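Residue numbers (this note's numbering), protein chains in the order written: chain L, 64 to 389; chain B, 64 to 389.
It is worth saying that the hints were derived from the structure and are not from the lab. Just so it is clear, the structure is predicted and the values come from calculations on it, not from any experiment. Heads up, a few of these hints could be off.
In this list, chains with the same sequence are indistinguishable; a pair is considered to hold if it fits within one copy or across any two.
[Claimed, not checked] Cross-link-like lysine to any residue pairs, in silico, SDA-like; alpha carbons within 25 Å at most:
{"id": "1", "residue 1": "Lys-304", "residue 2": "Met-119"}
{"id": "2", "residue 1": "Lys-259", "residue 2": "Ala-242"}
{"id": "3", "residue 1": "Lys-106", "residue 2": "Asp-273"}
{"id": "4", "residue 1": "Lys-327", "residue 2": "Asp-167"}
{"id": "5", "residue 1": "Lys-213", "residue 2": "Gly-134"}
{"id": "6", "residue 1": "Lys-213", "residue 2": "Glu-244"}
{"id": "7", "residue 1": "Lys-161", "residue 2": "Ser-220"}
{"id": "8", "residue 1": "Lys-213", "residue 2": "Glu-250"}
{"id": "9", "residue 1": "Lys-386", "residue 2": "Asp-170"}
{"id": "10", "residue 1": "Lys-327", "residue 2": "Val-108"}
{"id": "11", "residue 1": "Lys-112", "residue 2": "Lys-161"}
{"id": "12", "residue 1": "Lys-327", "residue 2": "Asp-157"}
{"id": "13", "residue 1": "Lys-174", "residue 2": "His-358"}
{"id": "14", "residue 1": "Lys-230", "residue 2": "Pro-285"}
{"id": "15", "residue 1": "Lys-161", "residue 2": "Glu-381"}
{"id": "16", "residue 1": "Lys-213", "residue 2": "Ser-333"}
Single-letter residue listing:
Protein chains: 2
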Amino acid sequence: MSKIRLGIVGYGNLGRGVQYAASQSDDMEVVAVFTRRDPAAVKTVLPVKVERYDAMEEYADKIDVMILCGGSATDLPEQSAEVVRLFNTVDSFDTHAKIPAYFDRLDAAGKESGHLGAMSIGWDPGLFSLARIYFDSAVRRGSTYTFWGKGVSQGHSDAIRRVAGVKDARQYTVPVESALERVRKGEEPQLSTREKHTRECYVVAEEGADLARIEREIKEMPNYFADYDTTVHFISEEEMKRDHAKLPHGGFVLRSGTSAAGNKFLTEFSLRLDSNPEFTSCVLVAYARAVYRMHAEGRCGAVTAFDVAPKYLSPLSEADQRKQLL
Amino acid sequence: MSKIRLGIVGYGNLGRGVQYAASQSDDMEVVAVFTRRDPAAVKTVLPVKVERYDAMEEYADKIDVMILCGGSATDLPEQSAEVVRLFNTVDSFDTHAKIPAYFDRLDAAGKESGHLGAMSIGWDPGLFSLARIYFDSAVRRGSTYTFWGKGVSQGHSDAIRRVAGVKDARQYTVPVESALERVRKGEEPQLSTREKHTRECYVVAEEGADLARIEREIKEMPNYFADYDTTVHFISEEEMKRDHAKLPHGGFVLRSGTSAAGNKFLTEFSLRLDSNPEFTSCVLVAYARAVYRMHAEGRCGAVTAFDVAPKYLSPLSEADQRKQLL
Numbered sequence: 064m065s066k067i068r069l070g071i072v073g074y075g076n077l078g079r080g081v082q083y084a085a086s087q088s089d090d091m092e093v094v095a096v097f098t099r100r101d102p103a104a105v106k107t108v109l110p111v112k113v114e115r116y117d118a119m120e121e122y123a124d125k126i127d128v129m130i131l132c133g134g135s136a137t138d139l140p141e142q143s144a145e146v147v148r149l150f151n152t153v154d155s156f157d158t159h160a161k162i163p164a165y166f167d168r169l170d171a172a173g174k175e176s177g178h179l180g181a182m183s184i185g186w187d188p189g190l191f192s193l194a195r196i197y198f199d200s201a202v203r204r205g206s207t208y209t210f211w212g213k214g215v216s217q218g219h220s221d222a223i224r225r226v227a228g229v230k231d232a233r234q235y236t237v238p239v240e241s242a243l244e245r246v247r248k249g250e251e252p253q254l255s256t257r258e259k260h261t262r263e264c265y266v267v268a269e270e271g272a273d274l275a276r277i278e279r280e281i282k283e284m285p286n287y288f289a290d291y292d293t294t295v296h297f298i299s300e301e302e303m304k305r306d307h308a309k310l311p312h313g314g315f316v317l318r319s320g321t322s323a324a325g326n327k328f329l330t331e332f333s334l335r336l337d338s339n340p341e342f343t344s345c346v347l348v349a350y351a352r353a354v355y356r357m358h359a360e361g362r363c364g365a366v367t368a369f370d371v372a373p374k375y376l377s378p379l380s381e382a383d384q385r386k387q388l389l
Numbered sequence: 064m065s066k067i068r069l070g071i072v073g074y075g076n077l078g079r080g081v082q083y084a085a086s087q088s089d090d091m092e093v094v095a096v097f098t099r100r101d102p103a104a105v106k107t108v109l110p111v112k113v114e115r116y117d118a119m120e121e122y123a124d125k126i127d128v129m130i131l132c133g134g135s136a137t138d139l140p141e142q143s144a145e146v147v148r149l150f151n152t153v154d155s156f157d158t159h160a161k162i163p164a165y166f167d168r169l170d171a172a173g174k175e176s177g178h179l180g181a182m183s184i185g186w187d188p189g190l191f192s193l194a195r196i197y198f199d200s201a202v203r204r205g206s207t208y209t210f211w212g213k214g215v216s217q218g219h220s221d222a223i224r225r226v227a228g229v230k231d232a233r234q235y236t237v238p239v240e241s242a243l244e245r246v247r248k249g250e251e252p253q254l255s256t257r258e259k260h261t262r263e264c265y266v267v268a269e270e271g272a273d274l275a276r277i278e279r280e281i282k283e284m285p286n287y288f289a290d291y292d293t294t295v296h297f298i299s300e301e302e303m304k305r306d307h308a309k310l311p312h313g314g315f316v317l318r319s320g321t322s323a324a325g326n327k328f329l330t331e332f333s334l335r336l337d338s339n340p341e342f343t344s345c346v347l348v349a350y351a352r353a354v355y356r357m358h359a360e361g362r363c364g365a366v367t368a369f370d371v372a373p374k375y376l377s378p379l380s381e382a383d384q385r386k387q388l389l
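Could you put the whole structure together from the sequences, leaning on the hints where they help?
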């Protein structure tokens, strides 16, 4: 069996995760990593060729799917519609408000070049979106809830690091257990932002910094913390390294509803991940398989997880899927 | 908007559930129920025309999708390949060992007539199968576990009713909490049949029956009970009616795995249903929407949940799906 040839664009936590994930699939190989840094300065977790971003064109016949591992703020909006001119792509674009415009641009570029781009792939958006659409489609009368955590929010950790006097920070988003329990009981509560999640911050302060001011500035930060019950713990650099080195995450999607005869239904999907980027990468690699197969069937343009039949994700033959997984 | 016109074939718990479920979807209407009983003897939960099974042909232009609500033992194997000659169909065929042959027959009949049949739809097979294929595709190194219950198994209840001296019976399948916890901890245990589920039986005995013999015969019944820790409770007819009238069910699909870098992942999907047939019916109706749309795009033959992209299930437009659910 010839393998699906992957390229990795951008080599941070996600790029490393894709290399790890591809190594667990016999039908995949990573041909090259593309970086806008100096390729010689990039150390990969497994052996692979590292190329300059601009060398991509030379790989037009050597790579089946490019997995875009950049960030949603600037990398992906620049890259996806550009890379899809030469390759099929998969990305994890997650800036929710900008998804419609991003979809249209990727769709147009893909249709023009005859390539297929899968966007907003991962776990949220991604597997959580799938839970939402399946649950919503089956249980028409009800309420859907998404809780995140317990896990590290990198955006919130970065926001704390921008406070004067902060050397390092790690922010955990924590779902409120009592709110989860109310949903599980079938109450269908209206929950405010504050009632759903709390925020736990671990902060390494610079020597002599005004801790009370730092704590106040964090707790009052609009959008990030002001609407939440936030706790701030000051810790040492050693404690940060020892206790907060990983990037765990997870969460819950629940739908609570009622049949026309008055019977209650509760559907729940949850994830508990020791490494958020490594799991996201696993999902990206599964969708690279789907993109490869759907493109081989003549599909081009943009797709999200909603457009991909599950059969395309599995390395098993369709007959074996029915035998082993149905 | 013109509605999707449904027919219901067979009118037991599932047929009633389909009527209820369709009443919760604005884009659906039930045109007629078809029965092999005397139509005049069928009382429907909501107003609808009841026709003889043989009158189906007259509806060839009046119904878009037939939902087959018969049993997997004899009804569906007879009906599905027959009904698909005239209509698109959805069914809940769940005899696992016979799925490959059933698929081939439905696929051939559908391709010949130009209709589409979705088979093995519901929650297991169905939503649980989806959890298994998504989890297995994303987490390549790991173990998948399916637990059922707590809920009424109708097959096991029927088996008890066949024991001499038993007037009525209800059997609950109960997942072993400690086994579930071991899976959630990431142990990836090898679990025997006995370690995963227990069986709780509620039995109304005939007056003067030998209770010790009934209990022994139940517990020693091969396939159904011999491999499980089984408890038998003798109750009165009144207690049966009062405490065991509903058909609740549910269960769990979990996958526990590890990334190539050694990080643990736990994915879990669970259902808690006050009414097993009413929830199954909700899923059947969502797949009727998908079958209608895929057939309109030219698709025919047989499909399972694995072949259906999630977008086809939702009543929302694709743009609204991306806005509201992605």
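Outcome of the hint check:
For a Cα distance limit of 25 Å, the shortest separation of Lys-304 from Met-119 qualifies neither inside one copy, at 37 Å, nor across copies, at 71 Å. In this assembly of identical chains, the alpha carbons of Lys-259 and Ala-242 lie at most 25 Å apart only when taken from the same copy (6 Å versus 30 Å across copies). Proximity of Lys-106 and Asp-273 under a CA criterion of 25 Å is satisfied in neither setting, with 38 Å inside one chain copy and 76 Å between copies. Proximity of Lys-327 to Asp-167 under the C-alpha cut-off of 25 Å is found in neither arrangement, the shortest distances being 39 Å within a copy and 36 Å between copies.
In the homo-oligomer, the alpha carbons of Lys-213 and Gly-134 lie at most 25 Å apart inside one protomer (22 Å), although the nearest pairing across protomers, at 43 Å, exceeds that limit. When the C-alpha separation of Lys-213 and Glu-244 is checked against a cutoff of 25 Å, the pair qualifies both within a copy, at 15 Å, and between copies, at 19 Å. For the homomeric pair Lys-161 and Ser-220, the shortest alpha-carbon distance inside one copy (23 Å) is at most 25 Å, but the shortest distance between copies (53 Å) is not. Taking the shortest Cα distances, Lys-213 and Glu-250 sit within 25 Å of each other both inside one copy (23 Å) and across copies (21 Å).
Within a single copy, Lys-386 and Asp-170 get their C-alpha atoms only as close as 35 Å, which misses the 25 Å cut-off; across copies the closest is 16 Å, which meets it. Taking CA atoms no more than 25 Å apart as the test, Lys-327 paired with Val-108 passes between copies only; the shortest distance there is 18 Å, against 48 Å inside one copy. For the homomeric pair Lys-112 and Lys-161, neither the shortest alpha-carbon distance inside one copy (33 Å) nor that between copies (48 Å) is at most 25 Å. For the homomeric pair Lys-327 and Asp-157, the shortest alpha-carbon distance between copies (24 Å) is at most 25 Å, but the shortest distance inside one copy (33 Å) is not.
Both within a single protomer and between protomers do Lys-174 and His-358 lie at most 25 Å apart by alpha-carbon distance, with minima of 11 Å and 24 Å respectively. In this assembly of identical chains, the alpha carbons of Lys-230 and Pro-285 lie at most 25 Å apart only when taken from the same copy (21 Å versus 66 Å across copies). Taking the closest pair of Cα atoms, Lys-161 and Glu-381 come within 25 Å of each other only across two copies (16 Å); inside a single copy the shortest separation is 35 Å, beyond that limit. Taking the shortest Cα distances, Lys-213 and Ser-333 sit within 25 Å of each other both inside one copy (11 Å) and across copies (19 Å).
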